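Quick note, the sequences are listed as chains A, B and C, same order.
Anchor point for the first sequence: position 283 equals 283 in our numbering, and the numbering is continuous, going up by one each time.
Anchor point for the second sequence: position 280 equals 280 in our numbering, and the numbering is continuous, going up by one each time.
Anchor point for the third sequence: position 119 equals 119 in our numbering, and the numbering is continuous, going up by one each time.
Keep in mind that the hints were calculated from the coordinates and are not lab data.
Computed from a prediction, not measured in an experiment: that's the story for all the values here.
Note that CB positions come from ideal geometry on N, CA and C, so glycine has one too.
A portion of the hints provided could be inaccurate.
Unchecked claim - Here are some chain B residues pointing at chain C (derived, C-beta under 7 Å):
# : residue
1 : G103
2 : R104
3 : M108
4 : T115
5 : R116
6 : N118
7 : T130
8 : Y164
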Amino acid sequence: MRQFLHQMWNTKGMARWILIVGVAITLVFVVFAVLAPWVAPYDFNQTKLDGVKLPKLAHPSGSYWMGTNDQFYDIYSRVVWGSRTALEVILLSVVFSGVVGLPLGLVSGFVGGWTDRILVFLMDAMYSFPSLLLAIVFSFLLRGPLGGGIVAASLSLTAIYIPQYYRVVRNTTVSAREATYVEAARALGAKPFTIMRKYLFGNVVQSVPVIGTLNAADALGTLAALGFLGLGIQPNEASEWGYDLSRALDDAQAGTWWPALFPGLAIILLITALTLVGEGLNETINPALRRRRLRPVVFPPRAAQPEETTR
Amino acid sequence: MTPIDLQEEQPTDVDRGPVLEARDLRVWYGTDRGPVRAVDGVSFALRRGEILGLVGESGCGKSTLGRGLLGLLPDGAARDGELRFDGRDMLALKPREQHAMRGRDLGMIFQEPLTRLNPLMRISEHFSETLKTHDKTISRAEIERRSLEALRTMGIPPTRFRAYPHEFSGGMRQRLMIALTLVLRPAFVVADEPTTALDVLVEAQIIRILHDLRRDYDTSLLLITHNLGIIAEACDRVAVMYAGEIVEIGEAREVFTRPRHPYTRELLRSTISLRTTGLNYIDGAPPDLVEPPAGCRFHPRCPDAMNICASRHPVDRDHGAGTRAACWATDLVQGLVTLDDHEAAPLPREEISVADEA
Amino acid sequence: MMWVLLTIVFFLLRVAPGDPVSAAVGGKLNEQALDARRAALGLDRPMIVQYLEYLGNVVHLDFGKTISDNRPVLDIIKDQGGATLTLTLGAFVFALVIGLPLGRLAGRYRDTPLDAGIRIFGVVSYAAPIFWVGIMLVLLVVKVFPGWPTNDIGSVVTKFTVQPKTHVLLLDAMLSGNQDAVLDILKHHVLPCLTLGLLLSGVIIRLVRVNVIQAMKGDYVEAARARGIPEGRVIRKHAFRNALVPVITVIGLQIALTLSGAVLTERTFNWPGLGTELVQYVTARDYIAVQGLVTFFAIIVVIVSVLVDILNALVDPRVRY
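Use the sequences and the hints to build the structure in full.
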């Protein structure tokens, strides 16, 4: 792990800047999420101040930095609280899908045979299915038992990303299993479990941060999409940017811009930041992707020819 | 394999001026560590209808030189020096004019014929594209006539004219590539290891075809290869390249029977044939072309190295019988230079082993 | 493949906890009526029987009747499918018109400011939520072209006058020879198709760029240069054409992204398509309708991937049989 951080720090050129910018923006969102109760002037579900309703669709101003929306919410507070929701859901869904997908891929790749074939078939089918539809189906199923909260939303997203972890981990495992050092370990009489834990896991785990961050970016988009369709987190459970955007639809038709602009910008910024982190990590871990930089050739003046030149 | 005796046919018109002449040509690649001196000060001339072989280890700059002659360089590479085609200096021409010379005046045959044809285009489309590029007014009938003639020369039946590249075998594709190059009748062709990717029987066939080119088309050929057997069979003259420089050039027979440069000698000794009794190889590895060794570039691996070799670059000299070479040791033996005792003393052994490890 | 998807869809929706009938119409009917509904839908029979029946019905394109409003799912598909179809086709047109030239430019002028600009456009159009892009376009259009339609597939008059024959509104308008209606419908298509097209163009730009760069390194490209073929033609005929072969496959794989995007675009523009229907039935908690529509989407995904294989064979002579 320390070596990994060291490697990250020593990345050069574009990859380094991509990483730094991505991490910086993500950190800003994390700070907002953690400090939400102090940074946001209102609670996420607060429409009244001292018993008086906030103004409806107020312009952005000194008292409401990003204006208010048609539900009497202060948009700035909703955006700040929304970053907390977003990060919680992202974290939960990435962890859930990793916890399921990683061991599944490891075992499937290591054991092989029928187990492997059936799992590959199943996962490929799930992978080819539109991810949003999968999320819709799962949120539909989980709405009953779990309600419209953060956990339900995270679990709906989890199903989408399991196949991705599974595929990467399985393919790495299959190729690592054939590698000479694993063969050598087996020849020395190591138990299958030891081999999996000691030799394969370390190898496979390298690619996980990259998929993890890229999936996190995608998960945020899907979460917002679910919210936008009214199938995600309910507004009284937590503040969610996608839901706020769906409320802004009718206002946009009337030319009112602020309810739509700010939550959308928050989504784009965080998605972009996470994507940058993922791409930066990818270039760090696979330096082969980097392109050799070309320097213009300057021909030095010819060295004086030796005196005996007979050309 | 039956040896092909090709040495009887001699070039007919030696008197006309050289078709291609390079003087102190340099081709460098820019990298983070500094320029890679892939071709560094190469001079040679090629007569009409002459076949010049170019040999050397992998990475010595052979292919770069071949591509450099046509101006086919990757991004970040640059050419410098003098390169005359029919007396005109090509490096002084505009990029557009250089581009127009390719195909029409200068042709190229590549190493891997399998991937050199556009898989989505029919053979006929390759030919018509090539011919139309260099003659806008050419008629369809003329295109077909010239293409089929070129194919016939290469022994490909006209019925295959409208086929796709993937329908041909490796040897046939190489003959297609040759036909495609020759349909424009260029005066000079670079063949970059044209047979390396092919099996032995096809190899002999391709070499025969290349050798017949000068009779049919009066084409000059630069034949790049690491196979000394091919040079001996097909080439009039041979140039030996080491670390971006031509260290020896001369009549093929003369160079093979009486090599002047120690590198040529060692290269010939390491060739494997039926008469080989033991395996010879040259110690060490080719040098780094970003920072080539001072003095003679071969000195760290040279069995004949003297003190002077490590400090002063040898001079390219005439060694008789049409051979030129750049080597202090040979110069000394032939009495072309006089060196003091220190300069002529053998290079201490440690330096060789140090260079070995580098 | 199709079978695996159908099985997943069936078991996901059936094994799930909860009772479909009471979820959809629970409050409205008494216990006896609910039981009758369950029996009518065959939900009281063993799982395996239901499963086989489901597969059999799908083969005959029978996706069942909705629980909430007793409407055959096939009718929903027939009535609303046309709107989704014209939306996605229009989106592909926009995506190709935007994506192909930009991707090619970025690939050819690699590592220049032009390339950087195009790449940023590609990344942003992919990272921005499609519905937000839609809303922003609406805001822009409302300000700049106040009369331009930003909602629905046609104006009320158009929808009222055009006689449904093919259930594809645009075709129906064309068949009836009603010029005004055709124009009106086309105008309504512009914004939604552009929105969905922008999302897809991001993918296309990225892909075309990488493939052009790859193809430019191709041996046949160097060989073509060696024959003196002009650079523009080398790129057009050799690099770009070969770069398009993998692009076709991947565009085909984007059918999943397209369907996801279509659902969101339909909601954004109040588009009367299958996505809108799906969301409504999900909200109504109608298991049969959701199962039927999702099954239909699965079938579309599989059919498109087969079509892509066929198209690939047409473009690449090496795959011809």
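A quick look at each hint next to the structure:
Here the hint on G103/B is kept, as its CB sits about 3 Å from the closest CB of chain C, short of 7 Å. Interface restraint check for R104/B: the shortest CB-CB distance to chain C comes to about 6 Å, inside 7 Å, so the restraint holds. With a least beta-carbon distance of about 4 Å to chain C, the hint placing M108/B at the interface is held under the 7 Å criterion. Restraint check, T115/B versus chain C: the minimum CB separation of about 4 Å is within 7 Å; hint holds.
Interface hint at R116/B: satisfied, since its Cβ lies 4 Å from the closest Cβ of chain C, which is below the 7 Å cut-off. Here the hint on N118/B is kept, as its CB sits about 5 Å from the closest CB of chain C, short of 7 Å. Hint on T130/B holds. Least Cβ distance to chain C is approximately 5 Å, under the 7 Å limit. With a least beta-carbon distance of about 4 Å to chain C, the hint placing Y164/B at the interface is held under the 7 Å criterion.
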